[in-house]
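Novice: Letter by letter, the chains look like this.
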Amino acid sequence: MKKIILVICLITFFSGAAFAQLDTVRSNKNEFSIGYGHMPSSSFRYRPGCMFYPETDNIGAIYVTYTRRLTKVIGIGLTFCYDPIHLDYYGTVNGNNTLICKVRENSFTLIPHLKINWLNTKYVNLYSKVGFMGFQHVTYKQEEYYPEIYEVNPAEITHYLDGFQITPVGVEVGTKRCAGFIQCGIGMEGIISIGFRYGIKDKE
Amino acid sequence: MKKPLLFCIALVALMASCVEEPTIYLRLPDEDAASIPYQMDDTIKMCNQDGDTLSFIVTYDETKPFSEDYWGYPNDAKMSIIRQPWCYARTVLLHCNSDITDSRLMFTVIPDKYLYFEWNYELAIAEINLNSPTETVEVNGVTYENVHVDSYYDPQTGDLWHLWYYSEEVGLIAVKNKNHSLTLVP
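Chains W and B supply the protein sequences, listed in that same order.
In this text, residue positions in the first sequence follow the working numbering: the first is 268, and each later residue adds one.
In this text, residue positions in the second sequence follow the working numbering: the first is 3, and each later residue adds one.
Note that these hints are calculated values from the structure, not bench results.
For glycine and all other residues, C-beta sits at the position ideal for the given N, C-alpha and C.
A portion of the hints provided could be inaccurate.
[Claimed, not checked] To give an idea of the interface, some chain W residues facing chain B are shown, with a C-beta separation under 7 Å as derived from the structure:
#1 319
#2 322
#3 379
#4 381
#5 417
#6 419
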């Protein structure tokens, strides 16, 4: 609860500071960013009635983004996202709960996005971002340990346009050129993610 | 209320589509599959409660992925949203179509020798672990060893719901409920 109050206070503080500096609007023409997202969409699996549910190790997503500013408010760009996933399946062998199958997936996604900076100030930006129809490529590796007892049929890997990201709110804090950011949303970039943004060819 | 619910469902569906997972089935060992001693086209003669002799023919014998939710539908295994298939099961169907009756007996065995039995869908349904202790019984003057005896009684009245004798070597020896019965003709 204390953390939530602290976050609200920080947002209020930065928002207040931001509104006070609306006259010093800035906008980068080209922006590059790199970030790490906790709990990307691969962390959520819904398989009702499934008997073998894996123990997972979602490292999180690492992504790089390029955004081209069309106006001070609107930018479009691409996000490349890497999301490694480890799935360990356990089953009963001779009465013991034993590892029966390991799956290692690496997801590479390229998502076009639209970024809207709804507050541009000297030190703080607030933005929203959406990206859909991302092309996803998945590498899949499976190891079986008891093929005589368990039949493991590999997943059918499909490469289709299902990468997405919805970021209702993100905060960038820093100078015109360099800033750190934190954002929350859902999708390939995680529920919450942090990163670093670098802007070039500023346009005042 | 409906809109947020639909939104949440759509969101979950969208997110759930992002991970590819393997399908895992526990295999059915040959020894477990052999605990149903019938083969395709075998004929088994049974005597009903009226003394009529019925010829049951094995018309279905398949090993397929199994879920507890649709073990009763071997010919039309439907996808279940309650439980997904998790193992292989062997299902054998005995069918008797005569002037007297149109009757069917179905046996399904899953790994670890767990047997499901069904008689005409509603006359008797049983589940039994074939690793459980067996008995020696006498039916119509014939003594059978290693017989699994399973019985169900109404907890209120104590009336018999159904009783059955099953042997891994012979198959079904007898099954009966309040009004009907089948007994193996040696």
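Novice: For every hint, state whether the structure bears it out.
Specialist: Hints, one by one, checked against the model:
1. 319: holds (4 Å)
2. 322: violated (13 Å)
3. 379: With a minimum Cβ separation of about 17 Å from chain B (threshold 7 Å), the hint on residue 379 of chain W is violated.
4. 381: Status violated, d = 18 Å.
5. 417: holds (6 Å)
6. 419: Constraint on residue 419 of chain W satisfied, holds at 5 Å.
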